[in-house]
Structures are given as C-alpha cells and as structure tokens.
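Trainee: Each chain, letter by letter, is given below.
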Amino acid sequence: MPARVTRLINADRAGLAALCLLLAFSVSVRVQAHGNPVPPEPADAAMVDLGEGVVLPRVGAVRRMVWTGSCPLPVTADFVEPSPHGTDTSLAAPRDPNDRVAYIYRGWTLEGPRAAMQLSVLYVLRRAGAVLGLNGVATRHELAVKLVVPAGCDASPEEAMAVLRRIRG
Amino acid sequence: MAELLTGCRGGGPAKAPHAHAANLPVRAARGNLLVFGCGTAISAALQRLLLDPDPGIQRLTELNFGEVFATLATMAVLFGDRHVRLALTRADRAVLVACALTWFLPEPHAIYAGMTLAAAWLLARRSQDRVLADIGQIWLALSLCELWSKLVFKLFYHAIEPVEVALMAWAGRFAYPGLQASGVYLSARPDWSIVMLEGCSAFHNLSLAALIWLCVLKIAGRSASREALGALAVSAVLVVAINIARILAMLPSAEAYRDWHDGPGSVTVALVSVAASLLPIVLHVERTPCPPA
Numbered sequence: 070m071p072a073r074v075t076r077l078i079n080a081d082r083a084g085l086a087a088l089c090l091l092l093a094f095s096v097s098v099r100v101q102a103h104g105n106p107v108p109p110e111p112a113d114a115a116m117v118d119l120g121e122g123v124v125l126p127r128v129g130a131v132r133r134m135v136w137t138g139s140c141p142l143p144v145t146a147d148f149v150e151p152s153p154h155g156t157d158t159s160l161a162a163p164r165d166p167n168d169r170v171a172y173i174y175r176g177w178t179l180e181g182p183r184a185a186m187q188l189s190v191l192y193v194l195r196r197a198g199a200v201l202g203l204n205g206v207a208t209r210h211e212l213a214v215k216l217v218v219p220a221g222c223d224a225s226p227e228e229a230m231a232v233l234r235r236i237r238g
Numbered sequence: 253m254a255e256l257l258t259g260c261r262g263g264g265p266a267k268a269p270h271a272h273a274a275n276l277p278v279r280a281a282r283g284n285l286l287v288f289g290c291g292t293a294i295s296a297a298l299q300r301l302l303l304d305p306d307p308g309i310q311r312l313t314e315l316n317f318g319e320v321f322a323t324l325a326t327m328a329v330l331f332g333d334r335h336v337r338l339a340l341t342r343a344d345r346a347v348l349v350a351c352a353l354t355w356f357l358p359e360p361h362a363i364y365a366g367m368t369l370a371a372a373w374l375l376a377r378r379s380q381d382r383v384l385a386d387i388g389q390i391w392l393a394l395s396l397c398e399l400w401s402k403l404v405f406k407l408f409y410h411a412i413e414p415v416e417v418a419l420m421a422w423a424g425r426f427a428y429p430g431l432q433a434s435g436v437y438l439s440a441r442p443d444w445s446i447v448m449l450e451g452c453s454a455f456h457n458l459s460l461a462a463l464i465w466l467c468v469l470k471i472a473g474r475s476a477s478r479e480a481l482g483a484l485a486v487s488a489v490l491v492v493a494i495n496i497a498r499i500l501a502m503l504p505s506a507e508a509y510r511d512w513h514d515g516p517g518s519v520t521v522a523l524v525s526v527a528a529s530l531l532p533i534v535l536h537v538e539r540t541p542c543p544p545a
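Protein chains in written order, with the working numbering: chain A, 70 to 238; chain B, 253 to 545.
FYI, nobody ran anything at the bench for these hints, they're computed from the structure.
As the structure is a prediction and not an experimental result, all values here were calculated from the model.
Think of the CB as a built atom: it goes at the ideal place given N, C-alpha and C, for glycine as much as any other residue.
Mixed in with the good hints there might be a few duds.
[Stated by the list, open to error] Using 20 Å as the maximum straight-line C-alpha spacing, the simulated SDA-like pairs for lysine to any residue come out as follows:
#, chain 1, residue 1, chain 2, residue 2
1, B, 406, A, 150
2, B, 402, A, 189
3, B, 406, B, 447
4, B, 406, A, 149
5, B, 406, A, 155
6, B, 402, A, 150
7, B, 406, A, 190
8, B, 402, A, 186
9, B, 402, A, 193
10, B, 402, A, 96
11, B, 402, A, 125
12, B, 406, A, 212
13, B, 406, A, 189
14, B, 406, A, 181
15, B, 402, A, 149
[What the hints assert, rightly or not] If you want the footprint, here are the derived chain A segments under chain B, 3+ residues with CB under 8 Å:
#, region
16, 122 to 132
17, 138 to 147
18, 172 to 183
[Said to hold, decoys possible] Okay, the calculated beta carbon distance ranges per label pair:
#, chain 1, residue 1, chain 2, residue 2, range
19, B, 449, A, 104, 26 to 36 Å
20, A, 123, B, 403, 27 to 37 Å
21, B, 411, A, 123, 35 to 45 Å
22, B, 482, A, 83, 28 to 38 Å
Please model the complete structure; the sequences and the hints are all you need to start from.
Mentor: Pasting the structure below:
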C-alpha cells in the first residue's frame with residue numbers, strides 16, 4: 070500500500086475516532102443530565118429584574134401601561150423571552166410605525182433597529198457563560214422588559230423604567 | 253427511500269479486487285461526514301426528547317422529519333455512487349471536529365450552528381468536489397430549517413405577518429362570513445379570538461418543505477431543473493394552504509384551538525404538510541427520465 074494512502078487512512082481514522090468520541094461523550098452527558106433530578110431554580114431566576122434592586126414576581130410579569138409625565142400616551146411595557154427562539158407575545162402590528170422600541174435586559178438598554186438581535190446575542194452570551202460557569206446559574210426562564218414608546222413621546226427608557234419600578238405591585 | 257426513487261446516481265461497474273486498498277481512505281472519509289451529520293441530528297434530538305420540558309408534539313414531528321430526510325440524503329450522496337473518489341483534507345477534518353463541539357451546547361437549535369459552519373466551509377472551499385458540495389447543501393438546508401428560519405422570520409415579522417393574516421381573513425370569510433381581522437387578531441365569535449404569533453406562520457413549514465425537496469433531489473441524484481422548482485412551488489402553495497386551514501380550524505372555540513394547536517390535530521397537520529412537501533417532487537422525479545451522463 071502506498072505511503073500516501075496509509076497517511077490518508079490514518080488521518081481519516083483519527084478524525085473518525087475523534088468524532089465518535091465526541092458523540093459518545095455528548096450523548097452520555099445528555100443521558101446523565103436526564104437521569105439526574107433537575108435542581109430547583111434559584112429564587113431570582115423566577116423573578117424579573119427591573120434594575121436598582123427591584124424585582125417582580127414572574128406571575129406579575131404581564132403587560133402594563135406606564136404613564137410618564139412627558140407623554141400624553143402611555144408607554145407599553147411587555148415582558149418577553151430574550152432567547153432568539155423564545156416567543157415574543159408582544160409581537161403585533163405597531164400602533165404607529167414611528168413608535169420606539171427598547172429592550173431592558175440585565176441592566177442593558179437596547180434601542181434601534183438591531184435591538185432585538187442585540188438582545189438575542191446578549192442572551193446567548195449569558196447562557197454560554199452560565200454553561201461554562203463564568204456568570205452563575207443558567208437562567209433559561211428569565212424575561213426582558215420590552216418598552217414601546219409612542220411616536221412623538223420623548224420619554225427615555227430609563228424614565229419609563231423608573232415609573233415601572235414604582236408601579237410594580 | 254433511495255430504492256423507492258428512480259435514482260440517477262452511480263451504478264457503474266464493480267471495482268476490481270486490487271482497488272480495495274485504495275478505497276480504504278474513501279470509506280474513512282465517508283465515515284467522518286456520516287458521523288458528523290448523524291451526530292448533530294442525534295444531539296439535537298436527544299436535547300429535545302430528554303431535556304426540553306415541553307417541546308410540543310407538532311414541533312417534534314416536524315423537526316424529526318427534517319433530520320430523517322437530511323440523514324437519508326447524506327447517506328445517499330455518500331454511498332450512492334461507487335465511482336466517487338472522496339478525500340478530506342486536514343482542514344476539512346479539523347473543521348468537522350471543531351464544529352462537533354456544538355453538540356455539547358444546551359440548546360437544541362444552537363447545535364445546528366456547528367453544522368452551519370461546516371456547511372459553509374464545504375460550500376466555500378470544497379465546492380469543486382460534487383459530493384462535498386451536495387453534503388454542504390443538505391447540511392445548510394437542515395440548519396436553515398432548524399436554526400435560522402425562525403430568526404429570519406422574527407426580523408421580518410412586521411412585513412410578513414400582516415400579509416399572511418390578510419390572506420387568512422380572505423380565505424376564512426368563505427367558511428366564517430362574520431370573520432373579523434384586527435391587526436394580528438382573528439375572530440369568528442365575539443367571545444373568542446386568536447392572535448397570530450411567529451409560530452403560527454407557514455414560514456417554518458416552507459423551510460421544511462424546501463429541505464425535503466432538496467433531499468429528494470439529492471437522493472435521486474437529480475439537479476434543480478425548472479420542473480423541479482415548479483414542484484417546489486406546488487409544495488409551497490399546499491403547505492401555506494394547509495397552515496391556513498389549520499389556523500381557521502382553531503377559530504370556532506377554545507376546544508378547537510387546543511386540538512389543532514397542541515393536540516392530535518396539530519400532529520395530523522404536520523404529517524399532511526410533510527406529505528404535501530414530498531409528493532410533488534417525488535412525482536416529478538418518477539416521471540422524469542435520468543439526464544444523459
């Protein structure tokens with residue numbers, strides 16, 4: 070058998086062995102995770118963080134109308150899943166195409182046309198960090214706040230969040 | 253399935269005994285590609301079956317069909333042609349092993365990020381090799397179906413959904429003359445309405461239909477001709493019509509909604525959608541003779 074063929078066989082067999090090992094290991098990890106009881110989620114995972122130490126119970130995370138002093142119409146506050154594949158129950162035809170949308174997530178304020186994408190990226194990074202043990206627990210079920218500021222209203226997301234924190238109950 | 257379709261792949265004379273040694277690297281290279289494709293599907297399926305609390309019966313049915321077709325097509329491409337001289341480079345093997353690390357990700361969708369990268373590598377750097385290009389196309393279509401289609405839909409939701417709701421309202425008025433459509437809400441009764449979210453759209457079903465269409469073409473060893481694209485268009489129309497019928501079936505009551513959204517009705521719809529994706533392209537393949545070699 071030519072030496073080149075032997076080298077090809079060895080290299081391909083090594084690649085094949087590496088892939089088989091990775092597959093066996095990943096399957097065993099999944100089966101082990103399935104076999105072990107899931108630890109209860111920490112208390113803060115079931116809460117929505119509104120910032121400045123204010124949290125909202127998950128059951129209270131429903132649509133709210135936030136009246137700010139500077140606007141004749143209320144700012145709509147929804148609680149949405151930040152995951153790229155999460156369901157955004159606030160999705161609906163906007164009342165006005167000039168309405169501004171901002172997401173508040175873990176202290177970040179995301180605005181502009183790429184805000185939804187930025188939210189997804191932040192969530193994925195946070196989940197990846199949690200899996201690697203860099204930033205605490207994996208918070209699969211957390212929510213972000215989505216603010217829809219009516220067209221013509223100059224209220225900032227921070228101003229609306231300040232009001233939302235006061236009316237959280 | 254390869255036996256069920258009129259295939260145009262391979263079929264040449266058997267190799268002489270002395271060719272056995274030269275075939276060994278080809279077989280090992282095929283093994284690398286097959287294990288990567290199957291491993292990604294197995295990892296995602298295990299994640300859904302074992303670790304997701306409630307993935308939904310309809311979603312499970314749809315996703316598993318996509319993975320089954322892609323795996324069959326990968327095997328058909330790898331083993332269907334006895335003349336193929338497949339050889340992986342060192343970079344190919346490194347990309348496959350690196351992309352396989354996504355099998356450990358805790359999200360079933362994210363597992364397909366690795367397959368997307370591997371497909372992009374094969375299509376960008378190895379497109380001159382027909383087998384590797386075919387594998388890259390199948391993997392990319394599967395990744396689009398499993399991972400990227402919903403993300404793309406979210407980006408264009410405000411453009412797509414009003415059109416889809418208007419189409420549903422137009423079709424629905426034949427069955428429910430008093431049907432009301434307001435924004436993304438549909439209602440046939442004053443006390444019951446449904447809201448159209450991203451999961452209600454036929455967009456995902458279309459990506460699955462495209463994946464099945466591509467897989468059947470690869471299994472049969474055909475190229476994407478104008479007639480084949482016509483079959484895809486027929487499938488797309490059927491899939492959208494089935495989805496509209498499903499949504500309209502949810503309108504009479506909360507019980508009807510539960511049945512067609514989460515119950516046996518949703519599984520029936522998933523199976524009928526797969527059949528609608530499959531039949532036009534299978535009929536096209538069976539009626540069309542193989543192109544001259």
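Trainee: Given the hint that residue 402(B) pairs with residue 150(A), does the C-alpha gap stay at or below 20 Å?
Mentor: The given pair, whose Cα atoms are some 14 Å apart, holds under the 20 Å limit.
Trainee: Look at the Cβ atoms of residue 482(B) and residue 83(A) and judge whether their distance stays inside 28 to 38 Å.
Mentor: This hint is violated: roughly 46 Å between Cβ atoms.
Trainee: Are the Cα atoms of residue 402(B) and residue 149(A) separated by 20 Å or less?
Mentor: At roughly 16 Å apart (the allowed maximum being 20 Å), residue 149(A) and residue 402(B) satisfy the hint.
Trainee: Starting from residue 406(B), check that the Cα of residue 149(A) is at most 20 Å away, please.
Mentor: The hint holds at about 13 Å.
Trainee: Decide if the proposed pair is consistent with the structure: residue 402(B) and residue 125(A), CA atoms, cutoff 20 Å inclusive.
Mentor: Not satisfied, since the Cα-Cα distance of roughly 29 Å exceeds 20 Å.
Trainee: Are the Cα positions of residue 402(B) and residue 193(A) separated by 20 Å at most?
Mentor: holds, 16 Å
Trainee: So does residue 449(B) sit 26 to 36 Å from residue 104(A), Cβ to Cβ?
Mentor: holds, 34 Å
Trainee: Given the range 35 to 45 Å, decide if the beta-carbon distance of residue 411(B) to residue 123(A) lies inside it.
Mentor: holds, 36 Å
Trainee: Hint check: residue 406(B) vs residue 189(A), CA-CA at most 20 Å. Holds or violated?
Mentor: Cα-Cα ~11 Å, so holds.
Trainee: How does the region 138 to 147 of chain A fare against chain B when you require at least three residues with a CB closer than 8 Å, holds or violated?
Mentor: With 0 residues closer than 8 Å to chain B, the region 138 to 147 of chain A misses the three-residue bar; violated.
Trainee: Check the hint pairing residue 406(B) with residue 447(B) against an upper bound of 20 Å on the C-alpha distance.
Mentor: Cα-Cα ~16 Å, so holds.
Trainee: Confirm or reject the claim that residue 123(A) and residue 403(B) have a C-beta distance inside 27 to 37 Å.
Mentor: Check passed, 31 Å falls within 27 to 37 Å.
The structure fails to meet hints 10, 11, 16, 17, 18, 22 from the earlier list, while all remaining hints are met.
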